[in-house]
Structures are given as C-alpha cells and as structure tokens.
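Sequences listed follow chains A and B, in order. Heads up: the first sequence begins at 38 in the working numbering, then just goes up one per residue. Heads up: the second sequence begins at 38 in the working numbering, then just goes up one per residue.
Be a bit skeptical, because a hint or two may be false.
The list cannot tell twin chains apart, which means a pair is met if one copy fits it or any two copies do.
Claimed, not checked - List of simulated lysine-lysine pairs, DSS-like, C-alpha gap at most 27 Å:
{"#": "1", "residue 1": "Lys239", "residue 2": "Lys644"}
{"#": "2", "residue 1": "Lys514", "residue 2": "Lys121"}
{"#": "3", "residue 1": "Lys199", "residue 2": "Lys161"}
Worth flagging that the hints you see were computed from the coordinates, not collected in a lab.
As a plain string of letters, each chain reads:
2 protein chains.
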Amino acid sequence: MAENRYKVVFLPHDRVVEVAEGDTLIKAAMDAGVHINASCGGEGVCGKCRVIIETGEVEDGVNERLSAEDIEKGVRLACRARVKDDVVVRVPVESSISDKSALDIQRVPRRTAKIMQIDLEQLKEQGLFIPPVEKKFLELPPPDAGDNVPDVTRMVNVLRLKHDEHRLEFLLPVIRKIPDVIREQDFKVTVTMVRPVREDGKTQIVNVQAGDTTAMNYAIAVDIGTTTVYGELVDLVTGEVLARDGDFNAQISYGEDVITRIVQAEKPGGLKKLHDLVVGTINRIIGNLVKRSGVDTDDISTITLAGNTTMTQLFLEINPRYIRRSPYVPASTFYPPIRAADIDIDLDEHVIALVYPQISSYVGGDIVAGVMGSGMYRSDELTLFIDIGTNAEIVIGNKDWMVCAACSAGPAFEGGGITFGMRAAKGAIEDFSIDPVTFEPMIITHGNSRPVGICGSGLIIMVAMLFEAGVIDSNGKFNRELDTPRIRETDGVYEYVVVWKENTAIDRDIVLTEIDIDNLIRAKGAIYSGCMTLLDEVGLGIDQLDRIILSGGFGSYIDLEKAMIIGLLPEIDPEKVSFIGNGSLMGARMSALTNRIRRDVGQVVQKMTNFELSETSSYMDHYMAALFIPHTDLNLFPSVRDRMKARRKAAV
Amino acid sequence: MAENRYKVVFLPHDRVVEVAEGDTLIKAAMDAGVHINASCGGEGVCGKCRVIIETGEVEDGVNERLSAEDIEKGVRLACRARVKDDVVVRVPVESSISDKSALDIQRVPRRTAKIMQIDLEQLKEQGLFIPPVEKKFLELPPPDAGDNVPDVTRMVNVLRLKHDEHRLEFLLPVIRKIPDVIREQDFKVTVTMVRPVREDGKTQIVNVQAGDTTAMNYAIAVDIGTTTVYGELVDLVTGEVLARDGDFNAQISYGEDVITRIVQAEKPGGLKKLHDLVVGTINRIIGNLVKRSGVDTDDISTITLAGNTTMTQLFLEINPRYIRRSPYVPASTFYPPIRAADIDIDLDEHVIALVYPQISSYVGGDIVAGVMGSGMYRSDELTLFIDIGTNAEIVIGNKDWMVCAACSAGPAFEGGGITFGMRAAKGAIEDFSIDPVTFEPMIITHGNSRPVGICGSGLIIMVAMLFEAGVIDSNGKFNRELDTPRIRETDGVYEYVVVWKENTAIDRDIVLTEIDIDNLIRAKGAIYSGCMTLLDEVGLGIDQLDRIILSGGFGSYIDLEKAMIIGLLPEIDPEKVSFIGNGSLMGARMSALTNRIRRDVGQVVQKMTNFELSETSSYMDHYMAALFIPHTDLNLFPSVRDRMKARRKAAV
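Construct the entire structure; sequences and hints are all you get.
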C-alpha cells in the first residue's frame with residue numbers, strides 16, 4: 038500500500054511542503070526550508086519548537102512543556118507533532134527567530150538518490166533471465182536386454198536427442214547418485230546443469246533428482262563485507278528473493294579494517310582462522326535463509342559471492358600478504374567455479390560456488406559486482422560508479438571502456454576523525470539547518486532522540502549549510518566576525534556549537550571544529566580528485582558525465598545537493614543520480630539470475646583499467662585543487678558559484 | 038646383455054635345438070621333440086631321464102641315483118643337467134622307450150607369443166609423446182609500482198605471450214600457492230599443466246613450483262585388477278618406467294570374483310569398505326613406487342588408472358549393483374578427470390586422476406586400456422584382441438570399427454573345475470609330451486619340483502598332445518582300446534594318469550579325467566564361439582583375421598600351436614600373434630605418456646559395439662559347433678585337419 042502523503046503549509050512564510058503520514062512537523066519544516074529553533078533532536082525537552090496548528094489535525098506534539106492554555110490555542114511542539122492530515126501551521130516569532138530565514142536559504146528537501154533495483158521483467162524481456170544453473174526434467178527409456186547402455190549414456194542420449202544438449206560433463210558425485218536415483222521414479226529424473234561461461238564450453242551435470250523437481254531451483258547470493266555479510270535466497274524460477282539475512286562478519290574480532298585482517302592472516306594459523314570465521318558467518322546466514330524460506334537444500338543449486346579483494350582471498354584461504362605491501366598485488370582476478378563443499382560451505386556436494394573476480398588489491402569483487410549488477414557495463418551513458426566508505430572505489434566508463442581507482446578517503450564519512458563523529462545510530466544528528474541571521478541551528482536526530490554526535494551524512498549537510506550561510510568559508514574556516522556565541526575558540530581551535538550540553542544525551546556541548554571540517558574536506562577531496570584524475574587520464578571532463586551510481590550503505594543517506602555543495606560529488610542533475618544499495622549483493626544476485634554476467638564479467642575485468650592514484654602524477658594536483666569548498670575551480674560547480682555570487686551581491 | 042644360447046644335439050635322433058644357458062636338458066629335449074621318460078617334474082627323484090653327454094659340458098645332473106661308474110661314463114639326469122656349452126647328448130634306449138617317438142610327433146618348441154611393448158622411439162617419431170600433464174618453466178617480470186597486475190594475470194600474460202598458451206584455467210589449490218611460491222626464487226617458476234581432452238578445451242594449471250623443475254615430471258600408472266593391483270612410476274620426460282610394484286587387491290578377502298564383490302558392496306557400508314580396501318592397496322603401491330624411485334611427490338603430476346567395470350565402480354565408490362542384474366547396466370562409460378585426493382588417493386592436492394572409460398558391464402576399462410595401449414585402435418589390420426581369464430573379453434576390429442563381447446569361459450584356465458587344476462605355481466605341470474607308442478608322458482613342472490597339479494597352460498598342451506597322439510578323440514573321449522595302464526576307468530569316469538603317486542608331491546596319482554577335458558572344451562568353446570559370433574555379426578570370417586593380440590597374465594604362458602590345436606585360438610601364423618602382458622597397465626602407462634589417448638579413447642568407446650552374447654541369437658550355434666577338438670568345422674583348422682588325415686592314413 039502506498040503511503041499517505043499530506044500537505045503542510047507554513048505561515049507566515051506561506052511555504053507548502055508535502056510529507057508522509059507520521060513525519061514530524063520539524064521534518065516538514067526542514068524540507069520546506071522553514072527554520073524553527075530545534076536543538077534537542079526531537080525529544081521535546083527544550084520546548085523551543087512551538088508552532089500553532091491553524092487548520093487540520095496532528096498527532097501528539099503535546100508534553101509538559103506546554104500549558105493547558107497553549108494546548109487549547111493549538112500550540113504544539115513541532116519536533117513531536119506528527120502529520121496525519123493536511124495542516125496549516127503558524128511559526129510564532131519566538132520559534133522562528135528571524136523571519137528572513139525562509140527567504141534566504143533556499144532549502145530544498147533532503148534529497149537522496151532514486152533507488153535502482155534489479156528489474157526482473159526487463160531481464161526477462163531482454164532474454165537475460167537464464168541462470169547459470171538450470172534444471173531439466175528427463176523421461177528416460179528404461180533399459181532392457183536389447184538396450185543396456187550405461188546409465189549416464191542413457192541420460193546423455195536423451196539430453197542430446199530430446200533436449201538438444203551437447204558437450205556434457207558429469208561430475209563424479211552425480212555419477213555416484215545416478216544408478217539409484219534414476220530407478221527411484223521409473224526413470225523419470227531432473228538433472229541440474231551448470232552452464233559454461235563460454236558457449237562452446239561444457240555443461241556440467243552436477244545433480245540428479247528423482248521425478249520432476251524443475252519448479253524448485255534456488256541460489257544463494259552473498260556479499261562478503263569487511264564489517265557485515267549479507268545473504269539472499271533467490272528463486273531461480275521466478276527470480277524473486279525468498280529470504281534475506283545479514284550478520285557481522287565474525288572476523289571483526291580480528292580487526293575492523295582489511296589491513297588489520299591481513300596482518301592477522303600473516304600470523305601462524307591466522308589465514309585458516311580468518312577463513313573459518315567468515316565461512317562460519319556465511320554458514321549461519323545460509324542456515325537462516327534455508328529455515329526462513331523452507332526450501333530443501335537439495336534444490337539449492339549454486340551460491341554466488343562477491344567481496345572486496347581481501348575478503349575474497351581470506352574467504353578462499355589465499356594468503357593476502359602481498360595486498361598490503363607495495364606494489365599491492367592480489368593473487369588473482371578470476372577464480373574458477375569451486376565446489377562449495379571444498380571451501381567448507383555448508384551446502385550439498387553438488388553446489389558450485391561462483392566468486393566475483395577482482396580488479397586490483399583495492400578494487401575488488403564487490404565493486405565488479407556493483408558494475409555488473411547495476412548494468413553500468415551495458416550502458417551507453419558515461420557513468421560514475423562510486424562506493425563511498427573508508428576506501429572509496431570509483432569506476433568511470435560505459436559499455437566500451439572503463440577505468441577505476443580506489444582512494445583512501447579515511448573514515449570521516451563513518452564518523453572517524455570527527456570530534457563528535459559517529460555512525461548513523463540513535464542520537465546521530467542526520468539533518469541540519471541554520472538560521473542565516475541568528476546562526477541558530479535546527480537539527481533532526483536519528484530516532485528523534487537526544488543528540489549524541491554527528492553521522493557522516495549529517496556532517497555533509499552541516500558543512501554544506503554552514504558554507505551556504507557564510508558561517509564557514511571555502512577554506513573551511515569559520516567566519517570570525519559573526520556575532521553568535523555558537524562560534525568560539527577552544528584550545529586555539531575554532532568550533533561551532535551544534536547542541537548545547539543541556540540538550541544532549543552526553544552532557545557535553547556537541548561541536549563541529551575546523552579540524553573536523555578539514556578532515557571532511559580531505560575525505561571529499563580524495564574522492565572528487567580520484568574522479569577528476571580518472572577522467573583526466575581518459576581525456577574527458579567532469580561535465581561529460583551522464584550519470585552517477587552510488588553504491589554502499591552510505592550512499593543511501595547522502596543528501597545529493599549538499600554533497601554537491603561541499604564538492605564531494607560532481608554537480609549534476611540529482612535526477613541523474615541513482616542508488617543501488619548493496620551493489621555487491623545486487624551483483625551476486627544478478628549473477629545467479631543470468632549466466633550472461635559470468636561471460637560478460639571476463640570482458641569487463643579485462644577492459645577495466647586500474648589506476649594506482651599514488652602512482653598517477655596528476656592525482657596530487659587534482660587533490661590539492663579539491664581541498665576547498667566546493668573546489669578551487671568554481672566553474673565545476675556552477676550552481677554553487679552562482680549562489681555565492683548572489684550572496685556576495687546581497688551582502689554588499 | 039643378451040643371454041648366451043647353445044646348441045644341443047640329441048642322438049640317435051640327430052635332432053638339434055638351440056636353448057638358453059641354464060636350461061635343463063629335459064627342456065631342450067621337449068623343445069626338440071625328443072621324448073625322454075620324465076615323470077617326476079625335474080626333481081631327479083625318479084632317476085629315469087638318464088642321458089649320456091658325448092661332447093661338451095653341462096652343469097649338475099648328478100645325484101645319488103647315479104653310480105660313480107655312470108658319472109664316469111658321462112651319464113647325467115636330463116631333468117637336472119643345465120646347458121652351459123654346445124653339447125651332444127645321447128638318449129639311451131631305457132630313457133627313450135620308443136625310438137619312433139621322435140619321428141612320429143613333430144614336436145615344435147613350446148611357442149609363446151612375441152612380446153609387444155610400448156615403443157617410445159616410435160611414439161616420439163609419431164609426435165605422440167605428449168603427456169596429458171606438462172611442465173613449463175616461466176620467467177616472470179617482477180611486479181613494480183607501474184605493473185602490479187595480480188599474480189595469476191602475470192603468469193597468464195607470460196604463458197600467452199612467450200609460450201603461446203591460451204585458454205588457461207587455474208584451480209583454486211594452485212592459486213593458493215602462487216603468491217608465495219613465485220616469490221621464492223625471484224619470480225622464476227615451473228607450472229604443471231593438464232591438457233584438455235579436446236584441443237579447444239581449457240588447459241588447467243594445477244601446480245606451481247619455485248625455480249625450474251621441468252626435468253622432474255612423473256606419473257603413476259595403475260592396473261586395478263580383481264585379484265592383483267599393479268603400479269608403475271613413469272618418468273614423463275624420458276617415458277621410462279622408474280619403478281614397478283604389485284600387490285593383491287585387498288578386496289580379495291571379500292571374495293575372489295567380481296560378483297561376490299558386488300554382493301558385498303550391496304551390504305550396508307560395503308561399498309565404502311571395498312572402496313577403502315582397494316584405495317589402501319593402491320596407496321601402498323604408490324608408497325613403494327615413491328620409495329623405490331626416490332622422486333619427490335610434488336613432482337608426481339598425474340595418476341592414470343584402468344580396471345574392469347566393477348573394479349572401476351568400486352574404486353570410484355559407485356554402487357555396482359546393476360552390473361550383476363539383468364540387463365547388466367554399468368553407471369557410466371566415461372569419468373571426468375578427478376582430483377586424486379577426492380577419491381582418497383595419497384598424492385598431493387594437485388594430482389589429477391584419469392580413469393579409463395568402460396564399454397559395458399563386462400567389457401571394462403582394462404580392455405579399453407589394452408586396445409589403446411596396444412595401438413590396435415590405430416591399426417589397419419583386422420585384429421582379434423583377447424584377454425583370457427575367468428571372463429574372456431574379446432575385441433575385434435581395426436581403426437575403423439570395433440566390436441566386443443565378454444564370454445564366461447569359467448575358471449578352467451585358472452585351474453578351476455579341473456580335478457588336479459591349479460594356478461601356475463611351484464609343482465604345476467606346465468609342459469607335457471607323450472610317447473605315441475608307449476603313451477608314457479614327459480613333463481616339466483613349474484620350478485622343476487615334484488608335481489602338484491596341472492596349470493591352465495599345461496592343460497592346453499596336455500590335451501593338445503593327447504589329441505595329436507590319438508589318445509583322445511575330437512569329443513574329448515579317451516581311446517578305450519589303447520594298451521596302457523595310464524588310461525583307466527575310475528568310478529565310471531575315464532582318466533589318464535599323468536604322474537604316478539610315488540613321483541608326486543601329493544601322494545596321489547595326478548590324473549586328467551574326461552570331465553576335466555570336457556570343462557576345458559567348454560571354456561575354449563565359449564571363447565572361440567565368442568570370436569565367431571562377433572565376426573559373424575559384422576559379416577566376416579575367421580580367416581580374415583590379420584593378427585591376434587593376447588592380453589593378461591595367462592596369455593604369456595599359452596603355447597600358441599597347442600592353443601590352436603585344441604581350438605582355443607583361431608589357426609593363424611603364430612608370428613601374427615603378439616602378447617602385451619598386462620594390457621590394462623600398458624594402457625594406463627600409455628595414457629600417461631600421450632594425451633592423444635584421452636582424445637582418441639572417446640571415439641573408440643563410442644565406435645565400439647558391445648554384444649551381449651546371451652542376447653545374440655547366433656551365439657549358441659557357434660558355441661555348440663565349438664564343443665569339439667578343435668571344432669566341428671575342420672576347415673577352420675587346416676593344419677590340424679591335414680595332420681589328422683595323415684595320421685589316419687598312417688594308421689591304415
């Protein structure tokens with residue numbers, strides 16, 4: 038069922054915004070670009086966000102901060118009041134400290150990328166919905182004295198003559214099953230066939246089942262993340278996902294990042310241990326998927342997996358030591374199909390594991406999976422594919438060519454190196470607006486609870502809004518001349534107080550320092566200059582990009598306009614940005630649905646040129662140029678440039 | 038060094054024969070067709086085989102049976118005296134009871150088939166000496182900042198550009214080794230490659246070793262026999278066999294024949310048990326081969342195996358129950374290459390096991406191996422390939438077509454069903470001659486020791502000689518009119534006393550009964566009629582055979598002329614008969630030496646037509662016609678026919 042949406046009119050600004058049922062008025066105001074002082078994250082403790090409901094009804098918004106008289110008059114706390122009707126809301130003077138607010142900041146609703154998913158219908162239309170593992174039902178003529186060819190020959194004959202299947206190879210485990218299984222239901226059997234990568238390759242017969250089981254054919258798709266492992270159980274007949282599960286990668290107790298894991302793997306027994314841990318996690322997830330979906334494991338025909346280079350090597354028990362040592366060499370790009378049981382996966386003997394190939398030590402199978410799953414590799418459009426995390430991986434190209442690189446952005450987007458940085462958990466400030474006159478903030482926290490810190494996406498919004506309001510300059514320095522107690526110098530470092538101590542959950546002022554801003558600028562500069570370097574190397578400009586695909590958990594939270602204001606993403610029509618979520622998992626599922634992926638991925642990997650940015654001479658120049666908000670070259674950000682001009686003009 | 042050969046002249050017959058140094062005079066006499074009464078098997082106990090050395094010297098031949106005067110005169114016991122010089126020997130009247138002996142029986146030396154072996158030089162000349170597993174030495178450019186492609190890609194690039202190797206597949210175990218191994222000797226490595234069966238298939242890289250190890254590349258070839266398992270360690274660089282070993286198949290404690298093994302395999306846990314037993318035997322043999330040859334197991338690249346259908350299925354742990362049940366269906370003809378470790382073979386992880394395909398339940402991989410190893414499948418000549426045992430397998434054809442069948446000959450050739458039948462062990466009568474006047478026998482036993490019984494090859498000679506001497510007729514019945522105490526009736530059955538009790542090691546008369554002869558006739562009839570049926574089915578006659586290849590242990594002992602006299606083998610120039618010994622082992626070694634075998638065997642198996650004799654209507658007629666000595670149709674045996682005519686004429 039589609040969610041109900043309602044209109045909210047803010048007076049005296051006369052701003053109209055449409056929001057979902059259940060959204061708070063503070064969120065509606067944030068989206069409408071209407072400033073309301075709101076400092077406590079939405080818990081109703083500060084009582085400053087009073088608004089008056091003129092027409093329509095809201096839910097809640099009443100607490101002990103309001104008198105009976107207030108309530109009678111229609112006063113509500115905007116941070117608690119939830120929309121359930123079209124409403125007209127008046128923002129009183131004391132809530133909207135400056136009535137210029139709404140006029141100055143052309144706040145547009147926080148705008149995240151549109152979601153791109155696997156389109157099964159399209160896949161079917163394009164004839165691509167041909168899984169690498171298929172089942173076929175065979176009716177064999179029973180043997181008699183005049184026809185006693187071997188059982189396998191009997192099957193081969195029917196496959197050849199009645200099903201036009203040639204170049205077949207029967208694996209030993211299935212040969213072992215054949216004599217008894219084919220006699221179970223009067224020589225009526227279903228075979229499971231693994232298609233070759235190349236059309237002239239051999240089709241492997243990996244399983245045989247009595248009777249007709251063609252309606253039951255399943256795959257497991259797995260993303261092996263450094264932090265988290267996700268799995269899906271995919272119905273290969275319908276293409277649908279029947280169950281999903283995720284869990285922390287049990288390797289996490291051996292370090293949070295890939296480098297620490299590699300160090301651990303180099304210790305005696307370490308590689309085996311880390312292999313066992315991640316396989317344990319995968320097996321737990323498989324167990325849950327099987328339980329939830331209720332499928333018979335004998336009908337699970339394949340498992341497809343994608344992970345970054347280190348995760349893939351640890352999973353396959355391949356020493357990753359040279360990944361972290363100059364010149365950073367991974368063991369392999371491609372891995373052959375592997376019997377799942379050979380790598381300790383708890384699936385039946387016949388299950389073949391297909392593992393995504395790698396490009397380089399730091400552009401791994403997760404990125405390749407995203408490129409394949411998103412269909413970028415089949416598109417005419419010049420696409421920037423980007424997965425933002427501690428390491429950001431960038432791929433630029435289209436169906437004809439691709440270049441890629443990994444940039445070390447540092448942990449700023451995950452809250453690392455930021456004084457009050459945190460992950461997007463309860464109490465994380467995830468939205469922010471500022472009154473351009475009073476410089477008072479308006480915040481929304483994750484879970485509408487008392488502020489604890491600032492998450493990556495909140496940080497981007499905060500820096501963008503502070504920049505647009507002239508509170509910080511292009512260098513990320515605070516305007517020392519502004520008249521507000523929120524900007525202050527502590528131990529020689531300028532900072533902005535986002536939330537006063539009494540409104541936080543941590544009994545300390547939550548601040549944003551110039552060091553924090555500098556870290557953010559370095560992080561976004563690394564990514565942007567990575568894109569610039571890649572484009573530069575192929576002789577293109579950033580204005581030639583047709584679209585951006587964001588992958589990874591962080592991408593879903595990014596406010597696109599704000600990311601473009603700070604110069605994290607190239608300025609582009611936000612309509613041309615899409616988000617694929619877990620691209621690695623998407624690619625794993627995609628390769629379970631269409632065997633074409635396995636064929637195409639070989640070409641993609643071969644055609645993709647990897648750049649080691651540290652070895653690319655132009656990178657440092659691009660990086661230095663990107664250490665500004667948004668960039669030293671404002672022509673790359675025309676909208677920001679135009680608004681800055683307008684602001685300077687207004688200030689004159 | 039070639040063995041020394043000497044001339045022996047027998048007087049008064051004036052017969053000359055050339056024998057090897059160390060041969061006894063009794064053997065020389067047997068070969069010369071000179072009859073000497075010799076009843077004790079050559080132990081010197083009966084003292085009847087006295088001869089006089091006229092010129093030259095012999096070794097031994099003196100015991101307490103001879104007086105000092107005898108010795109002084111040059112008298113020696115022919116069964117003990119060994120040739121070490123050209124000698125002239127006089128046979129006294131008391132030793133040669135009838136001086137007509139030598140004139141009547143045109144005894145020719147026991148003539149076994151010439152030995153056919155793998156001709157390495159020819160194989161090299163024909164460009165066939167290309168093992169399925171090759172090693173190549175690679176010098177990789179070390180990675181640097183400007184060239185940090187993955188290790189496997191680095192190897193692929195060198196293999197492609199410098200060695201023209203394409204379509205490569207790296208298996209996971211070798212990928213695991215690569216990162217460390219290539220760095221061990223400065224990026225100089227040797228790869229082990231398994232060639233594809235089809236030229237357009239993939240070459241698998243299965244091992245990588247530091248430095249140049251191309252000079253060390255070995256294979257193990259194994260014949261999995263029902264009774265005995267034989268192994269060879271083959272040098273794939275020179276083609277030579279470096280070590281040989283054999284042992285009883287440990288399954289033998291679960292029954293001597295394949296049917297009993299199948300019955301055992303059908304019991305709970307039986308299949309696993311039998312698999313473990315034969316693998317245990319193979320592993321012991323491998324251990325011995327490695328120890329004897331002193332090779333490094335890391336340099337053993339492949340193991341090739343051949344066995345009959347039941348042995349192959351038990352080895353691969355495939356339920357053989359349908360082999361022994363009508364309509365006698367084996368699981369498969371072909372088996373894919375299998376990792377040796379997957380079937381519990383004690384060889385390194387990279388070793389691939391290649392298993393010979395089967396034709397039918399009773400024409401197995403051992404026969405296919407013989408056909409391939411002997412080169413029969415590449416020959417223009419119409420060849421009869423035959424492996425005689427309890428089951429005799431017959432293949433007829435040439436490079437264009439082949440037909441095959443298995444016939445149940447029964448155990449007569451292995452001594453089964455024969456009153457005094459035994460295997461070719463110590464004391465087995467293995468050669469026999471008869472005085473056509475006195476009907477006294479002359480025997481030679483295995484090991485020149487006191488007679489214990491009659492082995493299969495001895496039985497054939499005995500029946501042939503008795504037939505030629507007119508002691509038995511075409512029906513295998515004794516001539517009741519002959520005046521000799523050696524033919525007698527016991528409990529209603531006629532028999533011939535081969536050795537009187539006092540000269541045996543068993544304190545009983547060793548006899549040959551009409552029932553024994555009948556069993557032999559049935560056995561040889563089954564085989565001969567099998568050949569006839571196959572030829573009949575393809576519209577050819579037995580006179581069109583160009584040659585015969587004998588395979589199997591029994592074949593080496595067969596006296597070709599005698600086998601043709603009794604009608605076991607078609608009458609053909611003995612020069613055209615060759616013996617390949619253990620054809621199964623020969624084929625296993627051959628497929629280790631030349632990958633062409635693997636390619637060709639597919640076509641051979643597909644083109645070979647298997648006949649179930651019991652389902653072939655003409656078989657019973659052929660069988661009935663073959664239950665005579667040599668056959669009801671004497672025109673099939675012209676030499677025998679002519680001698681019979683001459684004999685009848687002489688008798689008139």
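Hints versus structure:
{"no.": "1", "hint": "Lys239 with Lys644", "verdict": "both (25 Å within a copy, 22 Å between copies)"}
{"no.": "2", "hint": "Lys514 with Lys121", "verdict": "neither (42 Å within a copy, 113 Å between copies)"}
{"no.": "3", "hint": "Lys199 with Lys161", "verdict": "within (24 Å within a copy, 43 Å between copies)"}
When held up to the earlier numbered hints, the structure conflicts with hint 2 and nothing else.
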